[in-house]
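Participant: Guided by the hints, dock chain B onto chain A, whose structure is given.
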Amino acid sequence: MTIHRREHWLIPSRSAWLLALLLLLALPPAVEAQSAPAASSSTAPMAMPAMPGMDHGEMPGMDHPAAPIAPTAPDMPAMEPPPTPGMPMAPMQGGRPPADARSGDYSDGIAASPMHAHGRTSSGLLRIDQLEAFHGDEGNGQRWEIRGWYGNDSDKLWLRSEGVRSGGKLEDGELELLWNHATSSYWSRQLGVRHDIGKGPARSWIAVGVQGLAPYWFELEASGYAGAGGRTAARLRVDYELLLTQRLVLQPELEVNLYGRRDPQRRLGEGVSDIQFGLRLRYEIRREFAPYLGVNWTRRVGATADYARHDQRAVREWQWLAGVRFWF
Amino acid sequence: MKPLSSRPDLSRRRFVQGVALGSVAAGAGLLRPTGAWALNSPGQPVVLSGTDFTLDIVERSVNFTGAARPAITVNGGVPGPLLRMREGSTVSLRVSNRLRVPTSIHWHGIVLPFRMDGVPGLSFDGIAPGESFLYRFQLRQSGTYWYHSHSGFQEQNALYGPLVIEPAGPERHPTDRDYVVMLNDWTDEDPARIYARLRKQSDYYNFAQPTAADFFRDVREKGLSRALSMRRMWNEMRMNPTDLGDVSSYTYTYLMNGAAPAQNWTGLFRPGEKLRLRFINGSASTFFDVRIPGLKMTVIAADGQDVEPVPVDEFRIAVAETYDVIVEPQEERAYTVFAQSIDRGGYARGTLAPRVGMTAEVPPLDQRVWLDMRDMMGAMPHAGNGGGHAARPGMGHGGMGHGSMDHAGMDHGSMAAAPAVHHARSEYGPGVDMRVDTPRSNLDDPGIGLRDNGRRVLTYADLHTVGGPLDAREPGREIELHLTGNMERFMWSFDGIRYPDATPIHFNTGERLRIVLVNDTMMNHPIHLHGMWSELENPDGRFQVRKHTVNVQPAQRISYAVTADAPGRWAWHCHLLYHMEAGMMREVVVS
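The listed protein sequences derive, respectively, from chains A and B. In terms of UniProt numbering, the first sequence has 260 at position 260, counting the first letter as 1, and numbering is strictly consecutive. In terms of UniProt numbering, the second sequence has 68 at position 68, counting the first letter as 1, and numbering is strictly consecutive.
The following block holds chain A by itself, in its conformation from the complex (with noise of 0.2 Å):
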């Protein structure tokens, strides 16, 4: 690889930095703005609790420099809460610290016991969200989805994996290996790397990204991704878990991919390459086991749809599916 491509894949095609940042704006997050600082630590009696689904407490990935999915200004005024006229108002949640916040240092420079046992503990988490078979238009296959991490309470490597399986063969398969920084009490920001398998050559890409729980317990993860010959790419995952009972849970899954530019050899087009919506039902026998049923639909857009046309393949898919969740 010459120096030039190295130069040039490190510059994202500026559409595909358009469709992510649009991607990310819509982003439920995106609506929570940085408020600005409170006006002072001790809040006057009587004063207004904020209503906490202003939630102007955080962004997430909106307000630091290395995020390169969103070049645009951390503070969009325009989203802030009108405020309640004379009631001064401090967020329950997220926000900053006012200037003149109470420090927690009480030590008058006393040092800790020298027995004081310092550092952070680690601990991990693998699970497996799908493992599953599918029975679609387009036949049969399988199909996976993997969250694991490994760390502490402010940084820890992240692992996504997902792929699918039809004929016997890798359809499509990707892993993600990410540093995950928490920067607020629901949001952490992401940046690694992701390689994908399966038809076609095989991809690189740099990844960047945010992850967290939004308002209304949306579980929500939003990347970015920057590779080779100035390929880019985003992708938006959200679902949700709702409780049918304290263990049949019903959780639809939504994940939009796009990309900068066309992969013809990936069968991929430029812009949004595909919706997907899974809708999975599942019963914990315990936390750490529960099988489900449920369904897929797949939608190919665009020049990744004209693809599908070409190869004589679906763009659109439903699939009755059957699986496993499981953790350790």
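Treat the hints as calculated values from the structure; they're not laboratory data. For each residue, glycine too, the CB sits at the ideal point set by N, CA and C. You may find that some hints are simply not true.
Okay, the calculated bits of chain A under chain B, using three or more residues with CB under 8 Å as the criterion [to be verified]:
{"no.": "1", "region": "105 to 114"}
{"no.": "2", "region": "178 to 186"}
{"no.": "3", "region": "215 to 225"}
{"no.": "4", "region": "231 to 244"}
For the chain A half of the interface with chain B, some residues (derived, Cβ under 10 Å), not all of them [unchecked claim]:
{"no.": "5", "residue": "R127"}
{"no.": "6", "residue": "A133"}
{"no.": "7", "residue": "L248"}
{"no.": "8", "residue": "E288"}
{"no.": "9", "residue": "W327"}
Facilitator: Chain B in isolation, oriented as in the chain A frame:
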């Protein structure tokens, strides 16, 4: 210690009730006139008394659920032996570690030199396997206390026991019989595994979460807008209104004096006798609401310290607290001692009866109540109390908490005088999921699940220590500390800083200072300061009650005065074991 595997698949009933092992656990009580403390009948603690004690920390197999599981015990007992001592004496306790891991014993609530306090890392290095440690201290107090391990999760593994110090003079309330009633939460699981699970999924043990079925029931019963409004704020804030405890009866079997509900610990009495019941909550993570249907209980001591007698029907006992009550059963019948967990998932149960084998009806568990606005926002101003604000949409004005939003139960006076709070700079990070700007400071709220239940429930406002404060000085300064956490990430801290990352808190030797605690979470936190008394103040700053463990309710602000008369390094922490492990702890240096 061998790793404990997860519990086998038992029928739930059997699991929660425990297994009745042979005969009913019963005891004849401690008949005061004879002074015969040592009674070895099943279910009664082995009693050791005097000034010299030999305690062996040993692993032992126990069976509360139908499966044999290892427990870590003192002299093989669950709970460990009742230690009876006398005020003024100097006691020596030789504690030998027969485990393969380090251990320790902390004498909870006892004022002693810090080297004798039993906290590894602060008082000493702990007791290595095969080693022993000689604790020696003079008793300058009397009352009901307890002891437990301060190492790892051993406290959850049953390393605990009761400790009673008789007063040097006569008892303020002479009684005919004297029973310790120790409440514990037993699990067959390895507590390290419980902790690891909570860190992976903090609601792992919560099987009472809001469901779609609840929603449709509420729509049917209360209408759509009410059903939506009672959920709105919780959902917007990503908070769970059923988050009353981290660990539930899904894994816990609740014990009374080491007896599961089916084993039915029994304390005997003759009608007309006066019984002293010394309740100790030695749980790792469970608050209990205690009552004895048919009997009025007169609370005479809290955390070992005598209080002006208060007759009540029920009291909540936070983790690590103790309450002494007097009951006077007149009838020739059995009475159930009923201690239901705060999340209403299970109970510990025993019986007071004239004869062994008698039982009384076990009341049903109370309905679980959702946390309400008081638990989220504290002294929330609301329509009609002078704030000039109509009820905001979404607050639903009575819509939260399954209709339990009863403003009549709130102390309007103290709400109007919500004191200023000062959030720490470090409270704005990932480890903190909410901050309360208008905490309530009234002490007369019995807390979630006990409000307006038709029974006379004890509150801190009812407790008045006999004789007033130990130190009449006005506190010279104030230290404000906020109780913080992030339930979703299962992070717990003070001021948003975990113990390993925190600097110590310095008290100047001899000073009288005021501690202000503001609970910026929606859970109760029993805060225990080692080595020195916490003299709780009422909202006006006047002395209320002397305690070693002060429960701070959700969105509550409390203050207590401390006289820093105990030089050394002390622990100060939330006594919920998993919160302490997660970092809700500080070192206090008195110098």
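Participant: Could you tell me which of the hints above the structure violates, numbers in ascending order?
Facilitator: 6
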